[in-house]
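Number of protein chains: 2
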Amino acid sequence: MESTIKDIAVRAKAASRKMAVASTEQKNLILHAISDKLLLYKDKIQNENQKDIEYATSKGLSAAMIDRLKISDGTIQSMIKGLKEVAELPDPVGQITRQWRRPNGLEVSKMRIPLGVIAMIYESRPNVTVDAAALCLKAGNCAILRGGSEAFNSNIILAEIIQESLVEIGLRYRDSNLTASKDDIQILKDAVQVIPIQDREAVTHLLKQEEFIDLVIPRGGESLIRFVVQHSTIPVLKHYKGVCHAYIDKVADIELAVKVCFNSKVHRPGVCNAMETLLIHKEIAPKFLPIMAQRFAEAGVEIRGCQITLDLLKNISQNLKVAEAQEVDWHAEYLDLILAVKIVNSMTEAIEHIAAYGSDHTDVIITTDMDRAEKFIKTVSSSMVAVNASTRFNDGGELGLGAEIGISTSKLHAFGPMGLEELTSTKFVVRGTGQVRI
Amino acid sequence: MESTIKDIAVRAKAASRKMAVASTEQKNLILHAISDKLLLYKDKIQNENQKDIEYATSKGLSAAMIDRLKISDGTIQSMIKGLKEVAELPDPVGQITRQWRRPNGLEVSKMRIPLGVIAMIYESRPNVTVDAAALCLKAGNCAILRGGSEAFNSNIILAEIIQESLVEIGLRYRDSNLTASKDDIQILKDAVQVIPIQDREAVTHLLKQEEFIDLVIPRGGESLIRFVVQHSTIPVLKHYKGVCHAYIDKVADIELAVKVCFNSKVHRPGVCNAMETLLIHKEIAPKFLPIMAQRFAEAGVEIRGCQITLDLLKNISQNLKVAEAQEVDWHAEYLDLILAVKIVNSMTEAIEHIAAYGSDHTDVIITTDMDRAEKFIKTVSSSMVAVNASTRFNDGGELGLGAEIGISTSKLHAFGPMGLEELTSTKFVVRGTGQVRI
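Chains V and B are the protein sequences, given in the same order. Heads up: the first sequence is residues 1 to 438, going by the numbering used here. Heads up: the second sequence is residues 1 to 438, going by the numbering used here.
By construction, these hints were calculated from the structure, which means they are not laboratory data. Treat each hint with caution, since some may be false.
Because identical chains cannot be distinguished in the list, a pair is counted as satisfied if it fits within a single copy or across any two copies.
Claimed, not checked - Mimicking EDC-like on lysine to aspartate or glutamate, the simulated pairs with C-alpha atoms at most 20 Å apart in a straight line are:
#1 375 x 25
#2 282 x 324
#3 110 x 421
#4 427 x 107
#5 13 x 352
#6 259 x 107
#7 314 x 302
#8 110 x 374
#9 427 x 395
#10 84 x 421
#11 427 x 404
#12 427 x 374
#13 13 x 349
#14 427 x 352
#15 241 x 211
#16 259 x 369
All chains should be built: construct the whole structure from the sequences, respecting the hints.
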């Protein structure tokens, strides 16, 4: 098995040299070809997907899991929409991010280049296969994809469609891809490969191919991500969890605060950028909290509060579910209609709380005092720090990066949503006229 | 031992929150204080260093190793010069690298922030302790330093001097460091720590502290670096080796080519950006190679050539040492006055050779045809690709980054020389007026 995995990595590396020099036009045509073939082969895709669903059903997977697995007509439409959006995005490769001239006349610039080969390890949804491949290819990279074993047949057929597109468009661009022969174009097929082995050991071997793979992106639960970090000798971009805070400062517009907090918690509670803990300055709490709690009660949000919170909420409607917060609540990523609430004595206490319990993901201050907002911005080290806006904006699309391949909560290489640019590196380009070191 | 190492990491993380908000002025004063104390405590430093030298002598270390270990008056002056240079560099922290406005009115920007805690693992030279600490501190980071065991006493005294400076300056900036009490300032001491355990197992434990350490930078031989990559769950910025090429195109200014190649090979053969392989287009080889070989013969450079190279050099002076190149020569990082030479049929062959045998470090083309130069730039994926300039320019100082902490040959986060900016990350800052997701 080890040799099969190594072979996949070696072939991806070879293909990555072709992809790195592919023109924007070629890459966009590949994305459009995939899009066309998703429609053309719709029945075939859904037949293969049906095999996965039947297997999952026989294994007794939950209805929710099976729903995530299913490639409906809607799923196909959404993959097509995604491909078209990525094709519309500007190509980062070749962009000059900075340039300057040295006293000796050397012209120095930094040019964006693809990372090379990216391995994605993810769980059930088979649409990730197409979404991730599209982003990797547009940034000039190759992708090695390892989806959940329950989506095995679906992923294989989707990869075949992508590979057919790569070769079909590659044939039209033979010269610019540095390829001498028609056979050579077959290498492009290896630009997107799915690991054809279900055994988890395959992942362990994959994670040791540092000579050929430049980056691993795991997407899934914390145990998957910890497994990857433990076993990988390749750099990993990871996202453990989102324990996002909103802090209501002593001077804040209460109506605005209620609106933003409601959206942060209730808009989509099951995602990583939903608010999990609400911190409230003691001076504004008596005015703000009862109104806020009333809104939360109507939406069925359960509150786990500190003692002062409990005191302030004594006389609120019976609909409100309130319990005393335990230490575990301050660490919790509920991903549900549950919210931890704490009253703090100062902004410094709020910042200390975020440093102690947060996950460097998303933290928000609601205030009318812009000096205090700037202090919060400066001292909170999360991937998105916002003033008077919902936590839900920490998202590649919402921030204007276009599609995202994930959100990084570690600071190396990328911090926050990763779009196309985050799938590139930069090299130094130096143009001289015979300069030497003295 | 594991708990000692974890404790160091935990304390570094706590200190990193203070360093992250330290002003540029505070950080520069720290660097100047270290600089002053290096002079003040010169005798004490050299006494401690003498212990290391005596121990190394008793263990029979080579004269070259002992020379690298020695803290002479010159070493102290060069550390002081380094500290002053880093103090002069612009502070990257807080810089806005990009900003834009979303259709919903959100003002989005990316702000440079420190990485947090950086662990450096390096070999003999104790001056690295001061140089690395200076760069880490200026970028608002904390450093955990693990030098070679042979420099143990030297590193401990240098760290003590740095810690004394951190606390001394910290006391003047109590308010801006979010610290309530005088005792709290002692935390700043932990901004630079040296691992006080010589056992290699200490490194293994250090490399597992991913919760508290953001980056590991190993500096030393390939075996040290591979050890770190194998054992680390923390991201690693690494530099395996520099197999640097110059390619002489079919159209090139021969005088310029000779000058640049001579500098690339001979200026300082023992460093990673020295040329190791010379590739020559067959059309220019008969004119260029004999002149070049004559210069190399005068400098004592030994040539390992392909068959055509040997044929072309048959009638050159007897001073020239020439042998037939073996496969191993194309992979070699000689770090010596030895050069592999190959005649190629085309630029494409040169590019393929670099892809197959290079190390993504530094590759140069010498040509008068700027279209061909652009093709070379586009297709060669090294951290520095240069046209008509010496390989020796791949260096933080030469490229204008100021001091460098190392050269990365992997593409994640930083590719090429790493200066202050490469010791930072960016976070998204969002300023709103009550926006929510719809």
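Evaluation of the provided hints:
no.: 1; hint: 375 x 25; verdict: between (46 Å within a copy, 18 Å between copies)
no.: 2; hint: 282 x 324; verdict: within (18 Å within a copy, 81 Å between copies)
no.: 3; hint: 110 x 421; verdict: both (14 Å within a copy, 13 Å between copies)
no.: 4; hint: 427 x 107; verdict: within (14 Å within a copy, 30 Å between copies)
no.: 5; hint: 13 x 352; verdict: between (45 Å within a copy, 13 Å between copies)
no.: 6; hint: 259 x 107; verdict: between (52 Å within a copy, 19 Å between copies)
no.: 7; hint: 314 x 302; verdict: within (14 Å within a copy, 87 Å between copies)
no.: 8; hint: 110 x 374; verdict: between (31 Å within a copy, 14 Å between copies)
no.: 9; hint: 427 x 395; verdict: between (28 Å within a copy, 13 Å between copies)
no.: 10; hint: 84 x 421; verdict: within (18 Å within a copy, 35 Å between copies)
no.: 11; hint: 427 x 404; verdict: between (23 Å within a copy, 16 Å between copies)
no.: 12; hint: 427 x 374; verdict: between (34 Å within a copy, 14 Å between copies)
no.: 13; hint: 13 x 349; verdict: between (50 Å within a copy, 18 Å between copies)
no.: 14; hint: 427 x 352; verdict: between (39 Å within a copy, 19 Å between copies)
no.: 15; hint: 241 x 211; verdict: between (29 Å within a copy, 13 Å between copies)
no.: 16; hint: 259 x 369; verdict: within (18 Å within a copy, 62 Å between copies)
Of the numbered hints listed earlier, not one is contradicted by the structure.
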